[in-house]
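S.K.: Between the sequences and the hints, there should be enough to build the whole structure, so can you do that?
Here is what each chain is made of, one letter per residue.
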Amino acid sequence: MLDIQTHMDFAGQGKAERWSRFIITFFGIVGLIYGAFVQQFSQTVYILGAGFVLSSLITIPPWPLYRRNALKWQKPIDTDAKSSSSESGDEGKKKKKQ
Amino acid sequence: MHTVLTRGNATVAYTLSVLACLTFSCFLSTVFLDYRTDANIKTVRVLVKNVPDYGASREKHDLGFVTFDLQTNLTGVFNWNVKQLFLYLTAEYQTPANQLNQVVLWDKIILRGENAVLDFKNMNTKYYFWDDGNGLKDNRNVSLYLSWNIIPNAGLLPSVQATGKHLFKFPTDYATSSI
Chain P
1 MLDIQTHMDF AGQGKAERWS RFIITFFGIV GLIYGAFVQQ FSQTVYILGA
51 GFVLSSLITI PPWPLYRRNA LKWQKPIDTD AKSSSSESGD EGKKKKKQ
Chain Y
1 MHTVLTRGNA TVAYTLSVLA CLTFSCFLST VFLDYRTDAN IKTVRVLVKN
51 VPDYGASREK HDLGFVTFDL QTNLTGVFNW NVKQLFLYLT AEYQTPANQL
101 NQVVLWDKII LRGENAVLDF KNMNTKYYFW DDGNGLKDNR NVSLYLSWNI
151 IPNAGLLPSV QATGKHLFKF PTDYATSSI
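These protein sequence lines are chains P and Y, in that order. Each residue of the first sequence is one higher than the one before, counting from 1 in full-length UniProt numbering. Each residue of the second sequence is one higher than the one before, counting from 1 in full-length UniProt numbering.
For the record, the hints were derived by calculation from the structure and aren't laboratory data. There's no promise every hint is true.
[Unchecked claim] Okay, derived cross-link-like pairs now, SDA-like style, lysine to any residue, Cα gap no bigger than 25 Å in a straight line: (1) 83/Y x 15/P; (2) 83/Y x 40/P; (3) 15/P x 108/Y; (4) 83/Y x 29/P; (5) 15/P x 21/Y; (6) 15/P x 19/Y; (7) 72/P x 3/Y; (8) 15/P x 8/Y; (9) 108/Y x 11/P; (10) 72/P x 60/Y; (11) 72/P x 83/Y; (12) 15/P x 78/Y; (13) 126/Y x 45/Y; (14) 15/P x 16/Y; (15) 15/P x 6/Y; (16) 15/P x 13/Y; (17) 15/P x 126/Y.
M.R.: Okay, here's the thing in structure tokens:
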């Protein structure tokens, strides 16, 4: 089967949000200045729309760029082998069970 | 921000917030402008008749006939927050019956991009100049002025009066010949 990753890690989510905010704000400011210069508010709206499209392309799909900080999971602990020794102490940290 | 849908939602919502801010900036940049301009109005021919007003009481009321010249340059009024102007020409006078009479005689819509330098000669009015009694005959002080509504992209809908006013008087006798 194809192994296509569709998630973003936590750092990638933060990066995507910062970038989308920055791109849209930047295009909005540029559009406002250009629209004021040519005295056409429609130009401002179109430039903001271009920023929206660019931001959508860059930050909405889960590009591999946003998957560079994988979480470091603990190694799975084999609980069946030594069931009696330290089960209660490790229970909270276990993320996966085989 | 953990799925495509939440990121799409955040992007759309933030874009709309920015759009609202931009629109408000556009409004702020034009709200304090002074839109008044000079207009040059002259009457060419002024008549008054006494005819039955079938639209109202069927009694004989005064009906004014006015043709006018109008010159004005409204190109300076347009900016990025003006979509169109609605011009209207008002006659204002006082009668014994009413302290203030205002009759709109003519109007015109100018879209942005159309020619806003107006030079009309000997124009007929678009609407009847009815008085509600007999206040027009021998009225010595009728003022004619141009106003406009500004239809904006965002913000207020100001009504601006041009600085040029024209005073004229109606004749002392009713016109009898057909015009």
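S.K.: Each hint: holds or not?
M.R.: The hints, checked one at a time:
no., hint, result
1, 83/Y x 15/P, "40 Å, violated"
2, 83/Y x 40/P, "10 Å, holds"
3, 15/P x 108/Y, "54 Å, violated"
4, 83/Y x 29/P, "22 Å, holds"
5, 15/P x 21/Y, "24 Å, holds"
6, 15/P x 19/Y, "23 Å, holds"
7, 72/P x 3/Y, "21 Å, holds"
8, 15/P x 8/Y, "15 Å, holds"
9, 108/Y x 11/P, "60 Å, violated"
10, 72/P x 60/Y, "97 Å, violated"
11, 72/P x 83/Y, "59 Å, violated"
12, 15/P x 78/Y, "43 Å, violated"
13, 126/Y x 45/Y, "15 Å, holds"
14, 15/P x 16/Y, "21 Å, holds"
15, 15/P x 6/Y, "15 Å, holds"
16, 15/P x 13/Y, "18 Å, holds"
17, 15/P x 126/Y, "63 Å, violated"
Violation of the numbered hints given earlier is confined to hints 1, 3, 9, 10, 11, 12 and 17; the remaining hints are satisfied by the structure.
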